[in-house]
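Participant: Sequence lines, in order, name chains A and B. To convert, take the position in the first sequence, counting from 1, and add 149; that gives our numbering. To convert, take the position in the second sequence, counting from 1, and add 303; that gives our numbering.
The reader is advised that the hints may include incorrect statements.
[Said to hold, decoys possible] Each computed DSSO-like pair below joins lysine-lysine, with the alpha-carbon atoms no more than 27 Å apart:
#, chain 1, residue 1, chain 2, residue 2
1, B, Lys476, A, Lys157
2, A, Lys264, B, Lys779
3, A, Lys453, A, Lys404
4, B, Lys446, A, Lys264
5, B, Lys779, A, Lys247
These are computed hints drawn from the structure, not numbers from a lab. Note that the coordinates shown come from a computational prediction; the quantities given were computed from them, not determined experimentally.
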Amino acid sequence: MQTRLKVKRQNPGEAGSQPHYQDYSIDIHPDSTVLDALMHVREQVDGTLALRCSCRASICGSCGMRVNGRARLVCKTRVADLAPNGEELTIEPMGNQKVVKDLVVSLDTFFDQIKRVKPFMQPDEEPESGEFIASNESMTNLLTAMNCIMCGCCVSDCTVLEVDSNFIGPAALAKAWRFTEDPRDDRRDERLKALNDEDGGIWDCTRCMQCVEVCPKDVAPMDRIMELRDAAIEAGNTNTSGYRHTESFYNSVKKNGRLDETRLAVDSAGWMNIPRLLDLAPIGFKAMMKGKLPPIRPHKAEDKQKIKDLYEKVEGDR
Amino acid sequence: MYEHDLLIIGAGLAGLRAAVEGTRNGLKTAVITKVHPVRSHSNAAQGGINAPLTDRGDEWEGHALDTIKGSDYLADQDAVEIMSSEAGEAVLELERMGVIFSRGDDGRLGTRRFGGQKVARTFFVGAITGSAMLHVLYEQALKYGLQVYEEWFVTSLIKEDGAVRGVIALDIKTGELHAIRAKAVLMAAGGAGRVFEPSTNAVICTGDGLSLAWRAGAPLMDMEMIQYHPTTLARTGILLSEAARGEGAYLLNSDGDRFMEKYAPDYMELASRDVVSRAEQTEINEGRGIDGNVLLDLRHLGRQFIEDRLGYLQEVAVEFLGIDLAEQPVPIRPGMHYIMGGIKTNADGETEIPGLYAAGECANVSVHGANRLGANSLLDTVVFGRRAAVKSVEYVKSIGESGSDTEQHLRAEKERLQALLDRPQGSRTADIRNEMAEGMTAGIGVFRDQTSMEGAIAKVDEMRKKYDESIYVEDKGKVFNTDLMFALELDFMLDTAQAIANSAIMRKESRGAHFRTDMPDRDDENWLKHTLVYKDGEGVRTETLDVVITQWQPVKRVY
Chain A
150 MQTRLKVKRQ NPGEAGSQPH YQDYSIDIHP DSTVLDALMH VREQVDGTLA
200 LRCSCRASIC GSCGMRVNGR ARLVCKTRVA DLAPNGEELT IEPMGNQKVV
250 KDLVVSLDTF FDQIKRVKPF MQPDEEPESG EFIASNESMT NLLTAMNCIM
300 CGCCVSDCTV LEVDSNFIGP AALAKAWRFT EDPRDDRRDE RLKALNDEDG
350 GIWDCTRCMQ CVEVCPKDVA PMDRIMELRD AAIEAGNTNT SGYRHTESFY
400 NSVKKNGRLD ETRLAVDSAG WMNIPRLLDL APIGFKAMMK GKLPPIRPHK
450 AEDKQKIKDL YEKVEGDR
Chain B
304 MYEHDLLIIG AGLAGLRAAV EGTRNGLKTA VITKVHPVRS HSNAAQGGIN
354 APLTDRGDEW EGHALDTIKG SDYLADQDAV EIMSSEAGEA VLELERMGVI
404 FSRGDDGRLG TRRFGGQKVA RTFFVGAITG SAMLHVLYEQ ALKYGLQVYE
454 EWFVTSLIKE DGAVRGVIAL DIKTGELHAI RAKAVLMAAG GAGRVFEPST
504 NAVICTGDGL SLAWRAGAPL MDMEMIQYHP TTLARTGILL SEAARGEGAY
554 LLNSDGDRFM EKYAPDYMEL ASRDVVSRAE QTEINEGRGI DGNVLLDLRH
604 LGRQFIEDRL GYLQEVAVEF LGIDLAEQPV PIRPGMHYIM GGIKTNADGE
654 TEIPGLYAAG ECANVSVHGA NRLGANSLLD TVVFGRRAAV KSVEYVKSIG
704 ESGSDTEQHL RAEKERLQAL LDRPQGSRTA DIRNEMAEGM TAGIGVFRDQ
754 TSMEGAIAKV DEMRKKYDES IYVEDKGKVF NTDLMFALEL DFMLDTAQAI
804 ANSAIMRKES RGAHFRTDMP DRDDENWLKH TLVYKDGEGV RTETLDVVIT
854 QWQPVKRVY
């Protein structure tokens with residue numbers, strides 16, 4: 150099968166080297182993965198192409214890169230699935246990470262994020278002999294996060310990290326969840342408080358779902374982050390704009406059937422948080438000048454009762 | 304200049320377990336690894352880790368005997384006794400570090416059955432046991448603040464006054480060569496699957512550690528003992544864990560028969576791996592295969608069970624072959640998987656070279672003999688990784704400073720690499736590698752004989768000559784030059800292949816994985832012996848060594 154690859158080449162360490170795209174046209178087995186194709190290029194066509202790969206079986210996490218703009222493990226991505234009629238495939242390095250060469254990125258940022266969540270078990274004391282006693286359900290529950298192979302795909306396509314490099318990031322937060330949910334770990338409250346209070350913590354996720362989409366191992370980092378939020382609130386961490394935002398959203402829709410955006414902004418900042426409110430003032434002023442300020446008295450939905458019924462149904466189901 | 308007490312080459316399970324121990328014992332410890340630790344090939348171990356837990360009625364002697372029978376009586380029994388008796392504590396310690404092993408209803412660790420054993424004593428995490436253990440040991444490395452030379456590739460060992468005193472290594476990201484001095488070096492660099500084609504092994508399994516130690520003068524032992532895993536996926540050669548059969552999957556031939564009945568009526572699909580692989584190959588050779596494969600059937604286990612306990616297998620079968628294991632049997636065949644042989648060590652990881660220790664797949668203690676039981680490799684890594692590090696403590700404390708000619712080592716190595724880069728044209732690494740690896744599979748397969756093994760030796764010698772005369776590195780840059788690295792890896796692979804082929808032709812009998820169609824019987828009278836190969840210039844020097852028998856006399860091996 151004839152395949153066309155358009156590969157982004159760059160070597161930032163070499164003077165005068167500019168990023169550019171290079172085309173390769175190769176003949177491969179119809180069942181080939183994108184990794185097979187790239188390895189073929191490297192072995193037979195162009196020995197200077199740099200990429201990482203190792204296991205070829207989606208367990209080592211080496212070969213994360215972008216194919217047609219989306220982060221993937223190329224060892225488990227079949228060429229024919231993306232290019233059934235021989236369409237060109239665009240291969241680029243992962244995003245949000247510094248490029249070392251060609252398709253190889255530095256994972257320093259990734260692992261620095263992991264280190265921020267104290268990623269090791271911290272029991273107050275260990276059993277004198279034998280193992281910790283824990284239910285099988287509590288352990289298999291953790292498998293969701295233990296399936297993470299640290300490939301970096303979620304970090305690559307995280308839309309928050311694109312604008313805020315201080316965000317702990319989806320992979321590290323999923324790792325943190327693995328410890329808060331482990332009955333053998335005794336630092337749950339401390340961990341949750343840190344994740345809640347820290348700049349770049351659990352409240353910085355915008356729920357764009359990108360990490361859930363691209364994760365090749367179904368870790369669903371965003372779902373783990375949402376669970377961390379619930380757990381943090383349940384543990385009494387309510388003095389954050391994230392919590393106030395959630396609370397205000399909930400109350401506004403329940404009361405009016407619609408979102409009161411003005412109140413949401415002020416509630417989230419906190420009514421006594423003068424500096425933050427002063428920060429908001431110019432934004433409000435600009436919005437007013439453009440006629441975009443939400444009404445001070447919120448609109449109400451016509452049939453509020455239906456929405457209240459929905460609340461009751463959802464809350465009743467819980 | 305970098306200096307350490309203990310430098311560990313390789314960051315898989317053996318290397319990281321050793322590193323934790325070295326750090327706990329107060330040694331200035333570092334790990335050097337050509338890939339990030341969590342990329343190590345220990346990841347690929349799926350099914351579990353064996354341990355006879357005496358506090359729940361199992362007996363370590365039972366596991367020891369199964370291991371020894373599995374080894375076809377080639378394992379050193381004193382080493383097996385140590386492994387089996389330390390296994391329980393090793394697994395419990397991993398649990399306490401955070402491994403989320405599957406549990407029983409009582410909240411204690413649960414088990415599954417594995418090949419070559421009647422007792423269910425394999426502890427597991429779904430079908431990602433190796434990955435789960437590796438990530439937890441990496442967590443421990445972070446907890447202890449372990450220094451890791453990440454993506455550094457060791458090109459040679461520094462040897463002074465007969466002892467190993469450090470390494471020369473290439474920082475892959477910068478392309479700079481450095482000397483790292485260490486009072487002790489522990490080789491935990493893993494296996495050499497890429498010497499064969501196909502293989503279940505990762506692209507990184509290139510026998511670096513075997514070759515480095517061999518060049519430093521350490522003998523390699525029982526290198527002919529190559530494990531062919533019975534269930535590797537058709538076409539891709541990807542591993543499907545023995546856990547499938549441990550949980551009850553059948554092997555079927557083209558007539559739909561559970562053919563293991565003929566070969567191992569008592570153990571059926573759970574006979575030792577060498578036995579099952581030979582049975583499959585026989586079925587295929589005699590025309591009862593399907594396109595060179597037989598079938599692995601999980602359908603009767605049910606979808607829920609498969610997803611819960613064998614999730615990764617389902618993922619692989621669906622992703623790579625589009626087969627749903629709950630609906631359809633999957634075509635599989637024997638595939639090269641593991642090397643039982645390795646750097647000869649005692650049960651404390653000591654090699655014949657002072658200052659050089661070894662553990663994990665690159666070492667041969669020997670506990671696997673002529674055939675390793677499934678789920679004994681993970682056990683081997685943590686038990687002997689720890690022991691090797693402990694042993695190195697005394698040595699590190701006992702030796703003084705040595706006269707250092709580090710700069711001279713570094714200069715010589717720089718010149719060697721530069722000469723490689725300076726060659727303007729020649730043979731591609733992949734071409735030599737593929738020809739060598741296909742020659743090795745043809746000559747030293749599930750079945751072998753004098754002619755096939757001679758063919759392998761001739762092929763390896765031919766490829767060595769071609770390499771020395773014409774290997775060509777196309778990439779002349781410094782940063783992340785994988786082309787250069789592959790050429791250096793092939794150099795190691797050619798050494799490893801030479802050692803394997805020359806060991807194989809020594810052994811004039813059939814035992815375990817070494818099955819000669821021209822000498823099909825085991826010969827305890829003459830060959831209850833290990834084969835040893837030393838590097839001797841461009842050639843090899845061979846010796847044999849008696850197997851250590853403690854309490855189990857060899858008997859006929861029937862499953």
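Participant: Each of the hints needs a verdict: does it hold here or not?
Facilitator: Against the structure, the hints:
no. : hint                  : verdict
1   : B/Lys476 <-> A/Lys157 : holds, 19 Å
2   : A/Lys264 <-> B/Lys779 : violated, 35 Å
3   : A/Lys453 <-> A/Lys404 : holds, 8 Å
4   : B/Lys446 <-> A/Lys264 : holds, 9 Å
5   : B/Lys779 <-> A/Lys247 : holds, 22 Å
The structure is inconsistent with hint 2 alone, although it conforms to all the rest.
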